[in-house]
Each structure stands twice: as structure tokens, then as C-alpha cells.
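Trainee: Full structure from sequences and hints, please.
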Amino acid sequence: MTFKPRKIPAVSLEAPLERRWEVMGEEEAARLHAQRQDEAVRFSWRGPRTKKRALRCFVLTPIGFMVLGWCFVGGNLRTAAVFFGVGFPLGGLTFFLRPTDYLSGLVYALCGVAATAIASRAHPITLLMVAMLCGSVGIAMGRAELDRRMDLED
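Residue numbers for the sequence shown follow our numbering, beginning at 1 and rising by one.
Don't read these hints as lab results, they were simulated from the structure.
Keep in mind that this is a model prediction, so the values were computed, not measured.
The reader is advised that the hints may include incorrect statements.
Using C-beta positions, here's what the derived DEER-type ranges look like [unchecked claim]: (1) G92 - L146: 34 to 40 Å; (2) L128 - A34: 17 to 23 Å; (3) N76 - G47: 39 to 45 Å; (4) L55 - E26: 38 to 44 Å; (5) G75 - F43: 39 to 45 Å.
Every residue gets a Cβ at the ideal spot worked out from N, C-alpha and C, and that includes glycine.
Mentor: Set out below in C-alpha cells:
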């Protein structure tokens with residue numbers, strides 16, 4: 001019979017039992033350790049909050065950006081495809097940078113202008129209107145991200 005040690009769960013390694021909990025008694029130490037493990041899972045890169053945020057940034061942002069392009073720039077498939085394609089880097093930027101309201105508005109406006117220029121609708125008035133529209137949407141999205149972060153949802 002060979003000795004096989006038990007596998008330690010990753011959560012136990014990420015949130016180890018701390019020495020200062022030993023003076024509180026077994027029950028309190030167990031409660032604090034379980035609380036620390038729950039927090040480690042909640043805030044990890046593979047946790048539910050990050051998964052919801054990744055879904056919002058990498059799936060819903062390109063779809064929403066495509067709808068903006070389709071409705072307000074040009075109602076054809078080429079414009080929608082260009083806005084969908086530009087929505088992926090936009091989603092990646094918002095996922096990794098976590099921009100606040102005005103920075104998010106700037107990023108959205110620049111991506112909107114770039115998508116409009118790529119879709120060959122480079123009239124100056126169109127570019128300004130798209131920058132204003134996408135910037136306004138970006139400010140709203142940045143404010144929503146900030147509110148989620150303040151409410152500890154994200």
C-alpha cells in the first residue's frame with residue numbers, strides 16, 4: 001500500500017489559516033477561515049464576478065456596438081460587421097483598463113470614430129455625431145461600471 005497524500009484545494013492555498021486566529025478559539029477561527037476562502041473564490045480571476053464581467057465586456061459590448069453602428073451610422077451589413085469587429089478590442093480595453101466615466105467615454109468615442117472611418121463613412125459631420133453618440137454611451141457605461149464596483153458587484 002503506497003502513501004497518497006490528500007490533495008489540498010486551491011482555495012486553501014490562496015486563503016490560508018492565519019496564526020492570529022488561533023487566539024480566538026476553534027469556532028471563530030473556522031468561521032474566519034471559511035469567510036476568507038469565500039472571498040478568495042469571489043475575487044479570483046476564475047470567480048463568478050470576473051466571469052460576469054468578461055461576458056459583459058467580450059460578448060455584450062461588441063453586440064451593443066454593432067447595434068449602435070447598424071442603427072445610427074449605416075443600416076448595412078458591412079457597417080455592422082466593422083462595428084462588431086471594433087467592439088472586441090473595445091471590450092478588451094474596458095475589461096483590462098476598467099475606465100471610469102469620462103475615460104470610458106473617450107475610449108468609446110475613439111473606437112466609434114475608427115469604426116466609422118473603416119466603414120468608409122468619413123464625412124466630418126458623421127464622424128462628429130458618432131463621436132458624440134459613442135462618447136455618451138461610453139460615459140454611461142463607465143458610470144455603470146463604477147457603480148457596480150462601489151456596490152461590490154464587480
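Trainee: Are the hints correct? Go through all of them and say.
Mentor: Evaluation of the provided hints:
1. Hint check: G92 to L146, Cβ distance near 19 Å, so the stated range 34 to 40 Å is violated.
2. Judged by the Cβ atoms, the range 17 to 23 Å given for L128 and A34 is violated: they are separated by roughly 55 Å.
3. For N76 and G47, the hinted distance range of 39 to 45 Å is satisfied, since their beta carbons lie about 40 Å from each other.
4. Remark: the range hint 38 to 44 Å for L55 to E26 is upheld by a beta-carbon distance near 40 Å.
5. Checking the proposed 39 to 45 Å range against G75 and F43 shows it holds: the Cβ atoms sit about 43 Å from each other.
Consistency with the previously given hints fails for numbers 1 and 2, ordered from lowest to highest.
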